[in-house]
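Enquirer: Chain residues, written in single-letter form:
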Amino acid sequence: MRAIIDTNILVAALFWRGTPHRLLEQVRSGALTPISSPVLFAELTEVISREKFDFILARSNTSRQGSLDEM
Amino acid sequence: MNAIVIEHVKVSDLPEPWQAKLTAPQDACVTVRIEEEVKLASEPATQETETAFGRWLDRADMDDVEDYLRKLRTPRYMRAGPGANGKRRFNQRRRETIMTTIQIEIADATEQAARAAGLLTPQALERLLNDALKRQQAADALLSIADRVEAAGIPPMSMEEINTEVKAARAERKKRAGDH
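Chains as they are written, first to last, in my numbering: chain S, 1 to 71; chain P, 1 to 180.
In short, the hints are calculated from the structure, not lab data. Possibly wrong hints are sitting among the right ones.
Computed cross-link-like contacts, DSS-like style, restricted to lysine-lysine with a CA-CA straight-line distance of at most 27 Å [stated by the list, open to error]: (1) 21/P / 10/P; (2) 167/P / 52/S; (3) 52/S / 174/P; (4) 52/S / 175/P.
Covered, in the sense of this in silico footprint (three residues per stretch, anywhere, with C-beta under 8 Å from a C-beta of chain P), are these stretches of chain S [unchecked claim]: (5) 44 to 54; (6) 57 to 66.
Values in this document were obtained by computation on a predicted structure and should not be read as measured data. All C-beta atoms, glycine included, are put in the ideal place defined by N, C-alpha and C.
Looking at chain S on its own, in the form it has when it is part of the complex:
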């Protein structure tokens, strides 16, 4: 199955366990193929580059650029 995942769902899926996170698990298993676009990716980059996420990324020892590269 292919799906376009909106930025807010993707942010929730990345940082916290819950229903959106299960989407990533489905991607890992191959059951779901996420479809993105340069616009969506740019928006995700902008959102997690906001000040509010600096704290989360720093405390969780997560590289912003590394995560974006994995995307």
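Assemble chain P onto chain S, guided by the hints.
Expert: Positioned in the frame of chain S, the structure of chain P alone reads:
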């Protein structure tokens, strides 16, 4: 070819073996058609005598079916004879990488479609597996972020808070686009 058609023949006038095959009453009338059968050119083929037909008729390389299938199932880089480039490339690759032979069972339709798409070569299968492994590794890396956030004791943001951040990012982008 000539055929004889005799109409209004009483069932009682037919030979007894014919009558036995009919369910019609003795006084009923039937039409009899007599026609010479087309003679077959040869005896029906048996499993031993049946030969290839159509586009396969001239395929001398299929005379020995087992040998043909063995060659077909052999990876391309192993097919060339001794001293050929294919063999040399294969041996060189063997020295560099430990190779494994795997056997899989898939539906005939899938096999035919995959073969037609050129996906059943060792190179294509290796590429597909490597792509899948890369996807899994990337997904593992992304899934681990939530583990670290949880371990750091960071409380989850509500969807409203996340939506607020997304809307703010969109507004800033619009503003930047408007400035240009």
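Enquirer: Determine for every hint whether it applies to the structure shown.
Expert: Hint check:
1. Taken as a hint, the residue 21/P and residue 10/P pair is honoured in the structure, with Cα atoms around 14 Å apart against an allowance of 27 Å.
2. A hinted pair counts as satisfied when its Cα atoms are at most 27 Å apart, and residue 167/P with residue 52/S qualifies at roughly 13 Å.
3. Our distance criterion of 27 Å between C-alpha atoms is met by residue 52/S and residue 174/P, whose separation comes to about 20 Å.
4. Distance check on the hinted pair: residue 52/S and residue 175/P sit about 20 Å apart at the alpha-carbon level, within 27 Å; holds.
5. As drawn, the region 44 to 54 of chain S meets chain P at 5 residues by the rule of a beta-carbon pair under 8 Å; at three or more, the given contact holds.
6. Given a C-beta distance limit of less than 8 Å, the hint that chain P covers the region 57 to 66 of chain S holds, as 5 residues qualify and 3 suffice.
The structure is consistent with each of the numbered hints, conforming to all of them.
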